[in-house]
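Chemist: Take the sequence shown: its position 135, counting from 1, is numbered 135 in the working numbering, and each next residue is one higher.
In case anyone wonders, no lab produced these hints; they're calculated from the structure. You may find that some hints are simply not true.
[To be verified] Quick list of in silico lysine-lysine cross-link-like pairs, DSS-like style, CA-CA up to 27 Å:
(1) LYS314 <-> LYS133
(2) LYS290 <-> LYS182
(3) LYS31 <-> LYS44
(4) LYS200 <-> LYS314
(5) LYS98 <-> LYS290
(6) LYS200 <-> LYS66
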Amino acid sequence: MNINEIAKLAGVSRATVSRYLNDGYVSEEKKEKIREVIERTGYKPSAQAQMLRTRRTGQVGVIIPKINSESISRMVAGISTVLKEAGFQLLLADTENKEKEELEYLRLFSENQVDGIILIATIFTQEHKKALKGLRVPVVLLGQQLAGYSCVYQDDYHAARAAAEMLIEGGAGRPGCIGVTKRDRAVGEARRKGFLDVLKDKGIIWEEARYEECGFSAQDGYEAAGRLLEREPELDGIFCVTDTIALGAMARIRETGRSVPEQVAVVGIGDTVSGRLMLPRLSSVHFYYKTSGQEAARLLLELMNGTVPGKEVKMTYSVVERDTTKRGL
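The task is simple: from the sequences and hints, build the whole structure.
Modeler: Right under this line is the structure:
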């Protein structure tokens, strides 16, 4: 079945069917005839033909830093919900936290027929900024803020302050911190600053020896906590910039013979399912990751419909105190 056969069965011209399929003007009488034939025959225009007519592919590229992350999967779920409803397919690209892979996927998606890109970002080098500037399609940044681009990001600084206050008010007077590289302006820089500012407000003297940096996995958190406790055995609390790092740290704390939270309180950020199920249950700050993915998808749809880039959406958070801070007992 093709457009010529549809026109013949409906008793109209080929041009009329073409206008109907492309939302052009067609009289109500002819619309009804064409609609009836399409429904009866089950005719569907080819995706390639639609792409040529509309200059749309119906596909959106989503670049993610890692696939095995609860926060990322929640974001992708939110993105998928909105874009599928709008008729788009997702093309996922996992960079495994490699900067060069991010840059390569930005180039590939821009050159290979997607209608837009959502980048779940971690860092922005000069190469990233150059690549973003050269994109041929709309882009939304999720998880980081960058001036001049449409962004959806978490309130990392104030969330970290809330987590740090929960730790200190729970009784930790000599806390340590396990963070990630400051090149990650959200998780690495903003969350660390929020923690340190609370210590300053509370009159707690900070020593850089109480800081340890690591990667994003639970194993990284486990190893970082080991180094930190070996160097600073008197620590009575650890602020972790993610729940995953916190879970690894808790395992190492217990291996040293210390109890959580009686001897070492622990707090994370992200409120993961694992943190809720682990015993003792992890005190954390909840981020609305799925909602942030939905917001990013809506921003991208607006951009693809001609909205000017630059709109920013800062998400809210909520404090969830459980068992790993002393006040939660």
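Chemist: Tell me the hint numbers this structure goes against, listed in increasing order.
Modeler: 6
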